[in-house]
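Engineer: As you go down the protein sequences, you meet chains A and B in turn.
Under my numbering, the first residue of the first sequence is numbered 103, with each subsequent residue one higher.
Under my numbering, the first residue of the second sequence is numbered 10, with each subsequent residue one higher.
Since the hints were made in silico from the structure, they are not lab data.
Any given hint could turn out to be false.
Unchecked claim - Reference excerpt, derived from the structure (chain B facing chain A, CB under 7 Å, subset only):
#1 177
#2 289
#3 298
As the list claims (entries may be wrong) - To be clear about the criterion: a stretch of chain A counts as covered by chain B if any three or more of its residues have a C-beta under 8 Å from a C-beta of chain B, and this derived list gives those stretches:
#4 108-120
#5 176-185
Idealized CB from N, CA, C, for every residue including glycine.
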Amino acid sequence: MNTEVRSHYHEELDEVRTGIARMSAGVTELIPRATQVLLEADLEGADLVIEGDSLFDERSIVLEELCFSIIALQAPVASDLRLLVSSVKIIADVERSADLCVNICKATRRIYSHELDANLRGMIQKLGVQASRLFKEATEAYLHNDGSRAAAIQDMDGYLDDLHRQFIQVIFESHSAGTIDLQVAVQLALVARFYERIGDHAVNVGERTRYIVSGWVPDQPYAESGTNFDEVDPGGPTGDGG
Amino acid sequence: MSNVSDRIGFLERGLDMSDALKPAVHPTAGETSERTAEVVFDLQQLSVLYGDFRAVRDGTLQIRDQQITAFIGPSGCGKTTMLRCFNRMNDFIPTARVEGKVLYHGVDLYDPAVNSTEVRRRIGMVFQKPNPFPKSIYDNVAYGPRLLGVKKRSQLDEVVERSLQGAALWDEVKDRLKESGLGLSGGQQQRLCIARAIAVEPDVILMDEPCSALDPIATGRIEELMAEMKTDYTIVIVTHNMQQAARVSDRTAFFTTEINPDSDRRTGILVEYDRTDKIFSNPADQRTEDYVTGRFG
Numbered sequence: 103m104n105t106e107v108r109s110h111y112h113e114e115l116d117e118v119r120t121g122i123a124r125m126s127a128g129v130t131e132l133i134p135r136a137t138q139v140l141l142e143a144d145l146e147g148a149d150l151v152i153e154g155d156s157l158f159d160e161r162s163i164v165l166e167e168l169c170f171s172i173i174a175l176q177a178p179v180a181s182d183l184r185l186l187v188s189s190v191k192i193i194a195d196v197e198r199s200a201d202l203c204v205n206i207c208k209a210t211r212r213i214y215s216h217e218l219d220a221n222l223r224g225m226i227q228k229l230g231v232q233a234s235r236l237f238k239e240a241t242e243a244y245l246h247n248d249g250s251r252a253a254a255i256q257d258m259d260g261y262l263d264d265l266h267r268q269f270i271q272v273i274f275e276s277h278s279a280g281t282i283d284l285q286v287a288v289q290l291a292l293v294a295r296f297y298e299r300i301g302d303h304a305v306n307v308g309e310r311t312r313y314i315v316s317g318w319v320p321d322q323p324y325a326e327s328g329t330n331f332d333e334v335d336p337g338g339p340t341g342d343g344g
Numbered sequence: 010m011s012n013v014s015d016r017i018g019f020l021e022r023g024l025d026m027s028d029a030l031k032p033a034v035h036p037t038a039g040e041t042s043e044r045t046a047e048v049v050f051d052l053q054q055l056s057v058l059y060g061d062f063r064a065v066r067d068g069t070l071q072i073r074d075q076q077i078t079a080f081i082g083p084s085g086c087g088k089t090t091m092l093r094c095f096n097r098m099n100d101f102i103p104t105a106r107v108e109g110k111v112l113y114h115g116v117d118l119y120d121p122a123v124n125s126t127e128v129r130r131r132i133g134m135v136f137q138k139p140n141p142f143p144k145s146i147y148d149n150v151a152y153g154p155r156l157l158g159v160k161k162r163s164q165l166d167e168v169v170e171r172s173l174q175g176a177a178l179w180d181e182v183k184d185r186l187k188e189s190g191l192g193l194s195g196g197q198q199q200r201l202c203i204a205r206a207i208a209v210e211p212d213v214i215l216m217d218e219p220c221s222a223l224d225p226i227a228t229g230r231i232e233e234l235m236a237e238m239k240t241d242y243t244i245v246i247v248t249h250n251m252q253q254a255a256r257v258s259d260r261t262a263f264f265t266t267e268i269n270p271d272s273d274r275r276t277g278i279l280v281e282y283d284r285t286d287k288i289f290s291n292p293a294d295q296r297t298e299d300y301v302t303g304r305f306g
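If we strip away everything but chain B, and leave its shape as in the complex, we get (with noise of 0.2 Å):
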């Protein structure tokens, strides 16, 4: 009812079309956020190496809060390596070692007066391949909040109840919590996996092309969610599938590889960081737009 009376009301103004042509308006969500909306990740001049192998350098860019950014290029580019860097993942490789500065918040992930669990508590992420654990679905989303010294037993019920909902999954399995996160789908065990990520209640997930194990009705449901989730958290998506890239974000960074002069290892190197549908229609770097054409693979 209140559509038609706004169209009438359109056409009672009359033929001022004014409204209609004000040029630069267009409200996607990313775009509004964009303005207003907290840097939560500012990266500065970011290398990562492995021993002496410089893996990708130079990575500058700004994540903002309630978007989706999402990193695509060729395999080697060091995507995954860069967003590892996010929750200080490449802690575990004894060889590897950051160069430049990661700021969550302003806050120097690598100082060292930085608690790196905790950092892990605000920065969840999500594999390739879901993992739940060998454990009940309910005790799997509870695993975070056990850790974190939530004893309670409502308390407990309450943030699996949340999480799982969180994760559009409570309602296929609200009847079966007891029974084994391996019993579930793929595409289920990938949605579990994500309520077991926001059941520490993060501030940021990162997203390690979280669909590439799934079909493709999975996929849209993971999709669907991500688009849910960004009111809350920011997402930060590492895919190989650029449509995926292009239908679910609202940044999209393009990396792509460099030979070395002097050997033939390649570094990672970030092209082009801009908003996802400019990347798609008119990409500023050639090499870019090489890539999400197929001209180059």
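Next up, chain A with everything else stripped away, as it sits in the complex (with noise of 0.2 Å):
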């Protein structure tokens, strides 16, 4: 009975979705080399990050052009709309993450012959990898179509937001202490900045993935979504998806 009326249209959908998931974990990998050629002060690694950030450029607009023509040429509805329009704000979610790997290799450049203490390295250590995990879970959670991975995305970065805290505080120490000078002690507070914005996207791609599953923009009270078909139940019309 459930025999598949259009096949092509969804393999195309199947295109954008895979598509932005394998940019996506490009990214997720590309956190943890920005981490790495930081704390090794490695001007080689930095260059070929800065070099390969056009890849992500030139994929971000393919794609973006595949969710356009199947926009105008198919007329999506329903989930399929949902992961559409959804699909081009990720996109430009998980770009903006390889910018700103970019920003820390650069930062590399700036800070290059200064030594950086242990404290200070540890701290950079799991800005990177909590800032990897996130975008791993967000990957992930938009290629399953899994709302409940993505909403405990939030609460990951909650952990990242605390360490960016932590290692300005830790800047101050350290400058205050003489360890650092302040020129340093600015690139370091940008690069905790750049790994807190790259949580802040994981986490976009998270609220967008519940958005594609539920249909509901979560903690948007002013989303038509989340207030106008809420005429069954309040908390969204499906639940959240999981």
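Take the two lone chains, each set in its own frame, and fit them into one complex as the hints suggest.
Structural biologist: Put into structure tokens, the structure is as follows:
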């Protein structure tokens, strides 16, 4: 009875989803690389990451155009439409996160020749690991259309925010102890911010994934999906999908 | 000018965004009228049977005034059968009978005391294939009023002009009212049928795939016309074109078929009935989702 009637169209939708997931997985791997570049003051590695960013830019344009073409030609509705509209936004989050990794590598150039103490290095390591973990979860949740997994990302981001605050504190301490100069302190504060922003983009991907799954934008009381469709259940029309 | 001052007014009020951010203000036509509009049809557990075969079962829904309601669903799901209950068209099929109730403004349409001709005067129908009578354009439109006893020429002229204008056809045919209705293009013929339907001043217009025999331009005209007509009429449309349902209707009912366990015959069922934007952005039922996204045909 359940005969697939628009298989080519659905293949294209799969292509969007896997294409974005692949790009997002690329960012998940790029984060530890950028961290390594920073900790090892690896200028050659920094160049590679910076040059490699054009691949992410190119990929994001190609995927965005694919989304537009499907919207224009296939008149998607319901979950398909939610997937495509959300994907256009997710592409921007992923692409921007790759840019933030580039920024971390550029900071590496600026603080080159300055030694970082163990305390700072430990914090950078932790920030990198947590940011990458967030991105991995966001990628998997999006790829597998897993609303409950996506919902957990917000909490994980809370830990990244804590690390960010702690790191800023450590920077202050190192600076007043005279172990780093002002320029390095400023660059490291920016680096902390870059990781924290990567986390925010992962949270966006998670929220959009929840929207794809349930048609409901979490924590957005002004969204039509959150207010108008609530005749049945004020918590969202079909729950939050998980 | 007023627009500009409105905008400036908004700026002068400063950055108070509270108006702009008020939740749940989406005054689409369907939405506003939904709260105030009268219930025109109230279907209660409606089933239609042909002999002992149940073609569609347990349809329960309310259709409100000044709204366009679309019925969608795969072939054989009973959407046309259900539409035909609204003006007792099924009476013409000897084996057909209904169970449950169709209340029209609170009156049971299938009550033996109800005059089915009067039902069809109040509830007009436009069919899939344009079917003008082999008469002049004028006589096509004047046919119904004449049957109802209107004889005065001036009165008929007035009804014909008003109906053709209501069907957005007047300007195209006013100089050739004596020519045959069959000489018009397909889209014009369909609008002539709409003019003929509204000439008897009905309350409701039922449309059974009114655009399926028309090209996109003619389809666009009919859809435009429907949007204009809904301030005066309640419109129920059956369509195979999901995009058309999405474009024109305020509410959409999705029907599908279920296979009877004891035979291979299929019975139509109403799956979901909701605001059209809800049906096409976030339907509640998986079967609706599968149908509108083409995962089930």
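Engineer: If a hint holds in the structure, say so; if it doesn't, say that too.
Structural biologist: These are the hints, each one checked on the structure:
no.	hint	result
1	177	violated (26 Å)
2	289	holds (4 Å)
3	298	holds (5 Å)
4	108-120	holds (count 3)
5	176-185	holds (count 8)
Of the hints listed earlier, the one the structure fails to meet is number 1.
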